[in-house]
Each structure stands twice: as C-alpha cells, then as structure tokens.
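These protein sequences, in sequence, are chains B and V.
Start counting the first sequence at 0; every next residue gets the next number (numbering that gives the first Met the number 0).
Start counting the second sequence at 0; every next residue gets the next number (numbering that gives the first Met the number 0).
A couple of the hints might just be wrong.
Per the computed footprint, the stretches of chain B lying under chain V, defined by three or more beta-carbons under 8 Å from a beta-carbon of chain V, are [said to hold, decoys possible]: (1) 79 to 93; (2) 99 to 112; (3) 150 to 159.
If you want a taste of the chain B side facing chain V, the calculated C-beta under 10 Å gives, among others [as the list claims (entries may be wrong)]: (4) LYS19; (5) GLY50; (6) ASN74.
Label pairs and their in silico Cβ distance ranges [stated by the list, open to error]: (7) B:ALA239 / V:LEU58: 53 to 61 Å; (8) V:VAL39 / B:ASN70: 20 to 28 Å; (9) B:LYS27 / V:ARG113: 30 to 38 Å.
FYI, nobody ran anything at the bench for these hints, they're computed from the structure.
Every residue, glycine too, gets a C-beta built ideally from N, C-alpha and C.
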Amino acid sequence: MPLVELRNVHKRFGALEVLKGVSLSLEKGEIIAIIGRSGSGKSTMLRCVNGLENVQSGTIIVDGIEVTAPNANLNLLRQRAGMVFQSYNLFPHLSVERNVTLALRKVKKMSDADAREVARAMVEKVGLADKLHASPDELSGGQQQRVAIARSLAMQPTLMLLDEITSALDPELVGEVLRVLEGVAAEGMTMMLVTHEMNFAKNVADRVIFMHEGQIHEDGPARETLLEPRTAELRNFLSAVLH
Amino acid sequence: MTRAFSGADVIYLIEAARWTVALALVAIVGGGVLGLVVAVFRVAAFRPLNWLASGYVNLIQGTPLLGQLFIFFFGLPLFKIQVDPWVAASMALSLYSAAFLGEIWRGSLQSVSRRQWEAAAALGMPYGQQLLYVVLPQAIRISVAPTVGFLMQLVKDTSLTALIGFIELTRASQIITAATFAPLPVYGTAAVIYFVICFSLGRLSARLERRSHAAR
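Work out the full structure: start from the sequences and follow the hints.
Structural data, given as structure tokens:
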C-alpha cells in the first residue's frame, strides 16, 4: 500500500480551479520533488495532503488516514505528516527549545524533561546546539528554517511535506538548509518537496513531478526527467529556471 | 461664609479618588469579561454573532458616554427599576469598556498571522491549543499598549459620572469648590490625582511590555 495516495483530486478557489484531477502515489521512503511555475498548483497540492486545504472532489489517503473524509482526524494525520513552510513560521514568542517542545508536550503529552531531551537532540541534528535558548528573531533565515525542520522532525513524522523551504532565503543561506535536508533524506524519510532547487531535486529526489496548469504533466525518475524532459512545457520551464 | 482650601480638603479629594479607582476597576473587570465575549463574537465563524457584536460596538462607540450614563440613571426608573448612581455608573461604564476593549482585542487577535495558526495546526495541535499556546500569547503582547491606553482614558471618563451625582473625584471637587470658591487649587489638585493614577497605569504597562519581551 502506498504511503500517500491522491486520486483524481480537484481543488477550486472560488472560480479558479487550481487542481484539475491530480492522481499520485508515493511509497514509503520515496522522495519526490514537485516542480512547476508559480500558480501551477504545487503548493496547493502539498497543503491538501495534510488537510490545510479542503478539496472539492477526489480522495487523499495518507498513512491509512483518509484526509478527504468528512470526519478525518486531521490532528492525528498532521502528527504523521510534518510540514515545513516557506516562511519558517516559528513561534516568535518562544525560544528555539520551546518551539520544538510545545507540540511534544501538548500534543504528544510528553513530560517537560523528555520533550527537552528530544528538542536538544533535534536542534543538534540541524547544527544549532548553541542556539537552543535563542529567540527566533536572533536567528538568520537559514537558522530559523533549520529550527522549523527540527520542530517538525521532533514529532517523528512518517512523511515530511516541504513547501518551498528555501525560497525565502538569501542565496548564501540555501546551502545550509539543503544540507540538513540531505541528512534527513539519508535516514530514509519519505518526503514531498515543492522546490525551485533543480540541482537538489536531481541529486536527492527519487522522482520528479512537473505540475502544469493544475495537472501532473510529467512524472518520472528525477535525473532522467530533468535531463531529458519529454514535453515541451517542461523543457521551457527548465530553460526558464536554469538561465 | 466661604472658607479657605486646606489640607483637609486634599485628604477629602484623595478619599473621593478611591471611588474613581473603584469605579474604574469595576468597569475594567465588567468590561473586560464582556469585551472578551465581544471579541470572540466578532471573530466567530457564525454571521449572526458577528452582526450582533459589531452592531453593539457601533452603537456604543457612536454615542456619547454621557448619554449612556443618562440612559441608565434616568431611563431605567421609567421602567420602574430604581438605580442609584453607583449602579448606573458601573453598568454604563462596563458596557462602554466592553465595546472598546472588545475591538482592541479583536484587532490584536487578527493581527497574528494566519501562518501562525497553520504552523500550529501542522504540528497536530487542535484549535484550542493553537489559540491558547500560539496565537493568544502573541495577541496579548500586541494588545498591552492599546489596552492600557484605553484604561487611562477610562479613569478620566469616570469624571462624567459626577453629572449623575456619583461622588468621585470630580464631583468632590465641585463640592469643595462650592464651599471654598477656589476652583483653581481644587481642580488643580484633582488633576494631579488623575495624573498620578494614569501615570501609574502607564508605568505598569511599560513593565508588562518589558516582561513580555523578556519572555520571548
């Protein structure tokens, strides 16, 4: 059984149809990079997967939970499908440590000591052990995004959804975030990442999905798909982003 | 016979100021509780509640406080409900504060980015936890300065209750002025007392803000 499955998903914002029948399945351990122009529906698709957006029709199943069911337990789903956002979205009123421990304590009902133990390990993993007690506004964008990754990883998700997580960063800070991500990938985490980093997609992802006008236009092994696009749309897109 | 404005009068004014403070406190508590309801109704995902709350806010913010005081003090007896000035003043000021505090708090809640809600949701936190642990602490910090600003205003607004015969600082000043014919020293003293109360509130606000920043 695939870990993530989308069947003929349709999503509209008012009159605008953003997803026009998207079907996709993802096995455990797989890393897929989702690419495409802005407005092609890639972020929306990701947000539908953990129920941040409702769909008009179609079915989404994640780790055995039917996300699109009216009575879906979205809170349970979101513990299993961690999400990292473009704008980091750290909680500005909490220290790095508290950012990581909050959901552990309140959602997973962990004791304060255990939660702090996990937080220390996770923050160390993203290379910010010395920032454990810093406040988010004392960190650079790259550091904040690494904390956001640590916060998400701490929940021990089975799947990570990464929504353009390097797009808001200064170019010199992108590398540190991608390195953290490579480490996570190497541990076998299943990931769906919307990205504009073609090299990262080529080297780290197993599969690339090219979205175009609300549909999956190409879907194939990462390296092949990016080096030898089958359709003119992907060729045009790649030449636009690479030059 | 007039007499001179003396130290005893200052004591009398300070004692009267206790009623100013008491009235303000009642309005803060009453208005605070009701203001929370107004804020929640304003943002609730149920239209009739939104309309009810915004109608209330418009009505209160769009009419003079003095008129509201008169309605309670002179209006209720028309319905055979006898109220003394203290009750009329407490009710009117509480309802008045609720509208303003409700709006301040609604604005503070809404100024916390939708992304903060989403980030909390994405960690599996249910709505109540998103509100309690992520959004409220940020909203409270935003609301401290405007809330205290309104409370200072409220302290001074209690002076209007002198007009329905409630003996607080301003009414006491009128009484002493009538006996001493020394309006300037009397009202000057009253002004100083108002200032001390409001200034203390301002200091408290600054402390609260510093503390909430230190806690980041």
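Consistency of the hints with the structure:
no., hint, result
1, 79 to 93, "holds (count 10)"
2, 99 to 112, "holds (count 4)"
3, 150 to 159, "holds (count 3)"
4, LYS19, "violated (24 Å)"
5, GLY50, "holds (8 Å)"
6, ASN74, "holds (5 Å)"
7, B:ALA239 / V:LEU58: 53 to 61 Å, "holds (57 Å)"
8, V:VAL39 / B:ASN70: 20 to 28 Å, "holds (26 Å)"
9, B:LYS27 / V:ARG113: 30 to 38 Å, "holds (32 Å)"
Of the numbered hints listed earlier, the single one contradicted by the structure is hint 4.
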